[in-house]
Amino acid sequence: MTTANESAQFTIKSIVDGVRSSKFSATEVAAVYLDRTRKFASRLNCNLHLDDIAALSEAKAADQRIKAAGSGNLPLAGVPVLVKDNICVKGSKTTCGSRILENYVATYDATVIQRLREAGAFVIGKVNMDEFAMGSSNENSAFGPVRNPWNEEYVPGGSSGGSAAAVAARLAPVALGSDTGGSIRQPASFCGIVGLKPTYGTVSRYGLVAFGSSLDQIGPMTTTVEDAALMLDVLAGADSHDSTSVKHPDGGFAKALLADKHGFSGMTIGIPEEFFDSGLDPEVAACLEQAIAVVQKAGAKTKRVRLPNISYSVAAYYVIATAEASANLARFDGIRYGYRSAEKNLSLKEVYRKSRSEGFGREVKQRIMLGTFVLSSGYYDAFYSKANKVRELISRDFAAAFDSGCDLLLTPTSPTPPFKLGEKLSDPLAMYLSDICTIGVNLADLPGISIPCGRTKSGLPVGMQLIAPKFNEKKLLIGANAYERATEWHKASPNL
Amino acid sequence: MSKIKVDRELVRKVADLAQLSLSEQEIGMYEDRLSKVLSYVEQLDQVHESLGNDWRPDTSRGGPGAVLPERADKVVESLPVEEAMRQAPARIGSAFQVPRIIE
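Chains as they are written, first to last, in our numbering: chain A, 1 to 496; chain B, 1 to 103.
Next up, chain A with everything else stripped away, as it sits in the complex:
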């Protein structure tokens, strides 16, 4: 069997190839990654509770499935997948990074988990996250912050910080994340990996604990664009359990990448002016300037475009997402499952209030209150109604930019490089504004991908975001793959 160091260079593709040529089994792959996890996971605090025994039994079940179906028929044969802890895996704790679900065990598998297993993959662990996906640094987890493997004094980003840190540290070739305002793309950028948020409706949300139901999407976090395409092939699809899911008009994303001969040649890439103003960190600006030069050299035309209402995207998001969250989190009341306050002689209302107040963290309570306020009598029109109208204007701005002749848009993923643990905790707005480059993509239901495009002088990763029109993941992945082929950023991993 290959060594732990060799496994650090594994991709989904190389694992599938290895299993198909009988070089190794899923169980052997699991053993190598679990060994690596034991060495590094607790330092980074990225992994949560799926234990070795459960992981190995998942791997054995994958080997049986592979034997029965034939590895050639299973597109993800033998691939271990880490799963963000807001995605239900039956029989496994699903905590959402929260005290209120600390001991909650999922009673069903999310659709994405079923699809992954049917494709020959297996769940190797659950990973840490900002509580209920509310955060941009993975400092809001009830189980402690996650550390960036590139420099452990820095945040990995959030809310899928555990997913990003674990993949960057090569504890698995892929992790599932969820993205409501940037929670796949921003941590991917901070950890130097690939993070894909599909078009809203592409991937079933059944089994994803809801935060903002009109914004949430599950997506893959990988070390290569091809791996993200292989995952999307399996994850995408309409699901009768999720009425917002649709049949994607395309398929065969990985095949399209292999077949593509043109890359950026013939494409026009829009550069939205608003993302490149004086608010952009100079080191990020320098990396993006080089990235744009690479894209131009690879054959793309670039043109400046405008998204006139994009500056309102963070404000609109923090009205809409918190409003939806306040409704979605009303179910956590200490009655049917989850944390209940141990205080005695409480009335029913007090059970609800004490359980929720003791079980939820500060940021979650803040967003629930904000969401409750903007939906409340007298404020609904001024805030919630207005925010939805602004959302529509932002969607139309993106549509106009694409209609002006752009195949893709190119932006920074984050206006800053990774920041230090604790740096942005005291100012609520400072943290919210780190999502300024990603939020509009969720508001407009578009697909977006972050790919590594540079490093700061101190060696921290910087990511670039590509955005496509709705259901144009093929073009998005072709563009991202073309950039990756022209550069070497994706080949590096942190020195743990």
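Simulated from the structure, these hints should not be mistaken for laboratory data.
Certain hints may be false.
Said to hold, decoys possible - Okay, the calculated beta carbon distance ranges per label pair:
(1) A/K247 - B/W55: 25 to 33 Å
(2) B/Q46 - A/S458: 56 to 64 Å
(3) B/A84 - A/S278: 50 to 58 Å
(4) B/A90 - A/S377: 32 to 40 Å
(5) A/S458 - B/P80: 50 to 58 Å
(6) B/V76 - A/S377: 34 to 42 Å
(7) B/E9 - A/D403: 42 to 50 Å
(8) A/T107 - B/A90: 17 to 25 Å
(9) A/E102 - B/A66: 46 to 54 Å
(10) B/E9 - A/S42: 40 to 48 Å
As the list claims (entries may be wrong) - When the alpha-carbon atoms are kept at most 27 Å apart in a straight line, the in silico BS3-like pairs for lysine-lysine are as follows:
(11) A/K344 - B/K13
(12) A/K424 - B/K5
(13) A/K475 - A/K297
(14) A/K354 - B/K13
(15) A/K90 - B/K74
(16) B/K36 - A/K424
(17) A/K303 - A/K475
(18) B/K74 - A/K424
(19) A/K303 - A/K261
(20) A/K389 - B/K36
(21) A/K420 - B/K36
(22) B/K13 - A/K349
(23) B/K74 - A/K247
(24) A/K389 - A/K297
(25) A/K23 - A/K354
(26) B/K74 - A/K389
Computed from a predicted model, the values in this text were never measured in an experiment.
A virtual CB, placed ideally from N, CA and C, is assigned to each residue, including glycine.
Fit chain B to the known structure of chain A by using the hints.
Quick look at chain B alone, frame taken from chain A:
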């Protein structure tokens, strides 16, 4: 600061609606934090939109002709009662136990 007067009374009222119970220290903390965030989101006031009174997020976002998908009205298996009750913090038989609400 926010045009809306975010004071302790407002924080208490919103916490009440949200079924949260806050300490006096927390009320002070959220008074400050919510004031900053609301002050920021109030900029939505500045946006002039001409979507018209007929535009509604629940019906207009899907575009013209958008319909809510339906499925066949078939009886299917649901989560067994024992499975649903297994993680109840307090139960009596197949019922979730709650404090008395009727005297």
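Outcome of the hint check:
Checked against the given bound of 25 to 33 Å, the beta carbons of A/K247 and B/W55, roughly 27 Å apart, stay inside it. Taken as a hint, the range 56 to 64 Å is violated for the pair B/Q46 and A/S458, whose Cβ atoms sit roughly 38 Å apart. A C-beta distance of roughly 55 Å is found between B/A84 and A/S278, which places it inside the suggested range of 50 to 58 Å. Checked against the hint of 32 to 40 Å, the C-beta distance between B/A90 and A/S377 comes to roughly 34 Å, which is consistent with it.
About 55 Å separates the C-beta atoms of A/S458 and B/P80, a value consistent with the hinted range of 50 to 58 Å. The hinted range of 34 to 42 Å is satisfied by B/V76 and A/S377, whose Cβ atoms lie roughly 39 Å apart. Hint check: B/E9 to A/D403, Cβ distance near 49 Å, so the stated range 42 to 50 Å holds. As the Cβ distance of A/T107 to B/A90 is approximately 18 Å, the hint placing it in 17 to 25 Å holds.
Between A/E102 and B/A66 the Cβ separation comes to about 40 Å, which falls outside the hinted range of 46 to 54 Å. Remark: the range hint 40 to 48 Å for B/E9 to A/S42 is upheld by a beta-carbon distance near 45 Å. Annotation: proposed proximity of A/K344 to B/K13 holds, straight-line Cα distance about 25 Å (limit 27 Å). Distance restraint check for A/K424 and B/K5: the Cα-Cα separation of roughly 25 Å lies within the 27 Å cut-off, and the hinted pair is therefore satisfied.
Our distance criterion of 27 Å between C-alpha atoms is met by A/K475 and A/K297, whose separation comes to about 18 Å. At most 27 Å may separate the alpha-carbon atoms for a hinted pair to count; A/K354 and B/K13 meet this at roughly 16 Å. The straight-line distance between the Cα atoms of A/K90 and B/K74 is roughly 25 Å, inside the 27 Å bound, and the hint therefore holds. Proposed proximity of B/K36 and A/K424 is supported: the alpha carbons are some 14 Å apart, at most 27 Å.
About 18 Å separates the Cα atoms of A/K303 and A/K475, which keeps this hinted pair within 27 Å; it holds. Simply put, B/K74 and A/K424 have alpha-carbon atoms about 51 Å apart, too far for the 27 Å limit, and the pair is violated. Straight-line distance between C-alpha atoms of A/K303 and A/K261 comes to about 23 Å, which keeps the hinted pair within the 27 Å bound. Of the pairs offered as hints, the one joining A/K389 and B/K36 holds, with about 23 Å between alpha carbons and a cut-off of 27 Å not exceeded.
Between A/K420 and B/K36, the direct Cα distance comes to roughly 23 Å. Compliance with the 27 Å bound is thereby established for this hinted pair. For the suggested pair B/K13 and A/K349, the alpha carbons sit about 15 Å apart, so the restraint of at most 27 Å is met. Proposed proximity of B/K74 and A/K247 is supported: the alpha carbons are some 22 Å apart, at most 27 Å. Between the alpha carbons of A/K389 and A/K297 the distance comes to roughly 39 Å, so the proposed pair goes past 27 Å and is violated.
Restraint check: the Cα-Cα separation between A/K23 and A/K354 comes to about 55 Å, which exceeds 27 Å; the hinted pair is violated. At most 27 Å may separate the alpha-carbon atoms for a hinted pair to count; B/K74 and A/K389 exceed this at roughly 37 Å.
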